[in-house]
Amino acid sequence: MKNYNSILIILSVLLAVYIKPVNAQRKPVEILILHTNDMHAKIDNLGKLAYFADSLRKTHKFVYLVSAGDNFTGNPVVDMIEDKGYPMIDLMNRCGYDVSAMGNHEFDLGQDKLNARMLQATFPFISCNIDASQAEVKQMKPYIILKAGRRSIPMLGIIELGPNGLPDSHPSKMKGLTFTDGLKKAEEYSWLKKKYGMLIGLTHLGVETDSVLAQKMPEFDVLIGGHSHTTLSHPMMVNNVMIVQTGSSLKYVGVLTLHIQHGKIIDRKDVLVPLSSIAKSDPVIQALIDKYNDNPELNKVVAEAEEDITGKSELGSMMTDAITQQMKVDFAFQNTGGIRVPLLPKGDIKLKDLYRLDPFANLIVIYKMNLQEIKSLICTSFNRSKEIDMEVSGLKYTVRTNAAGQCADVDLVDLSGAKLDPLKEYSVGINSYIAAAYKWDHRDEGNTTYTTCAQALIEYLKVKKKVNYKGVKRSNVRPVE
Amino acid sequence: MKVYINEQEIVIFAGACIKDAVIAYSVESWKRLKSTKMVVLDRFGNMTDPDGPMMDGQKFTLIEI
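As they're listed, the protein sequences go chains P and S. So for the first sequence, the numbering used here puts the first residue at 1; every next one is plus one. So for the second sequence, the numbering used here puts the first residue at 1; every next one is plus one.
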């Protein structure tokens, strides 16, 4: 028995001596997390990103590619085709994305298309503060675990909410979805840090909110952020939490390097690599990008013009009719400077024609205005260059000019010729350029619809099928008598 | 919502992006921003793309480059 005990003691000592140096000498594991955010369907650099990621995968054992949300919205070859969003997910799959956070603009697709894109994706979308149990879109997971050999790295998704408690997208896209405050919800997942020794946030909150989250939850080692389109050339450190973000539109890829030892992140650094600095592009993916950019769907006929639609008055009337019809507002205005082609010829109106007509991606903003405020808007627009500056839907107006050629008053009638009610509040849709640049008297601060004027026009024409604006003129100038 | 560009209060529609606030502040500044003669910095001094969203009360600075 004595000998048996001695053997056990010797064995234990030998094991301790043997194991201890191995543990002490075990090198930290290096993990690279390549990150992008707010790509907004800008596909042109995805070939370079794929080449860059593949190069690193050849030299590093653990390389991940993640998106902090807003993959869609911002490029018609992705957004305005029949199978909305398909090219973006196809290319992200081919680049080898491992996960994407849900961003507010993911919802722009509509829930049926978002479902299709989530099924198409070979990577999961994550968010901890979305409950889709009553919605059409399928429930996304709150987090994923990235596996690096024996190590597990939890990554938690969080989405921003606007003042109305919804992500910034059109509220009609949110049917059945319930959102909870991401900063509160994230606390429920602090157990991930306890269990795995590390925690990474894949957030679509913006730098301001990320910094609040970092103050509240030092459990996060890194917040890979998005939403605010902030180019963090140097990571922000808040409460010892590292916050990283790459701006927007895929100009940069972030390279987050983590060293993990004994189940903890012992070192972290992040650099932004400009994709313009990468000379090579994955040839297969580049060929696909070229194909998508030359998308024949942009040649698709949306409607037929029964006659030439000529000049600012006819074109602007059509553009504003699209806003009143699609947004269900009383009136709409379009600045003439935003009408960028002289005519749409008789015959087929193609998708690409409409993007040439309205290339600015201005959003529609809705105001409640009374008669005086509408007159103020019209006078303000006229006085910018002493000529008709806005085309209109839902009413006709005549600017009455004084001796200096400036707007002195405005006569307004509806399309049947009846005067407008001076006591009524009307809903008025204008584009975001007018909303920002024109200084007119109004009380309502206005609300964006998160719908571009071009989108409204396309949808309007799809419904109308045939349009005829020959001779339509709803604005005039007449001197005060 | 109210935001601040170069410490000037800008009242702008809900859901506006930085570009909209810069246009409201000065169309000339927007032209300079578009032609990359200017950049927008957030309150931390980070460069921010003009198409970025804004929250009520946020402060931005335009600087020439």
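Since the hints were made in silico from the structure, they are not lab data. Keep in mind that a hint or two might mislead.
[Unchecked claim] Straight-line alpha carbon distances no greater than 27 Å define the calculated DSSO-like cross-link-like pairs of lysine-lysine that follow:
{"id": "1", "chain 1": "P", "residue 1": "K264", "chain 2": "P", "residue 2": "K193"}
{"id": "2", "chain 1": "P", "residue 1": "K42", "chain 2": "S", "residue 2": "K19"}
{"id": "3", "chain 1": "S", "residue 1": "K34", "chain 2": "P", "residue 2": "K352"}
{"id": "4", "chain 1": "P", "residue 1": "K439", "chain 2": "S", "residue 2": "K2"}
Do the hints match the structure? See the list:
| no. | hint | verdict |
| --- | --- | --- |
| 1 | P:K264 - P:K193 | 10 Å, holds |
| 2 | P:K42 - S:K19 | 19 Å, holds |
| 3 | S:K34 - P:K352 | 24 Å, holds |
| 4 | P:K439 - S:K2 | 15 Å, holds |
When held up to the earlier numbered hints, the structure conflicts with none and fits them all.
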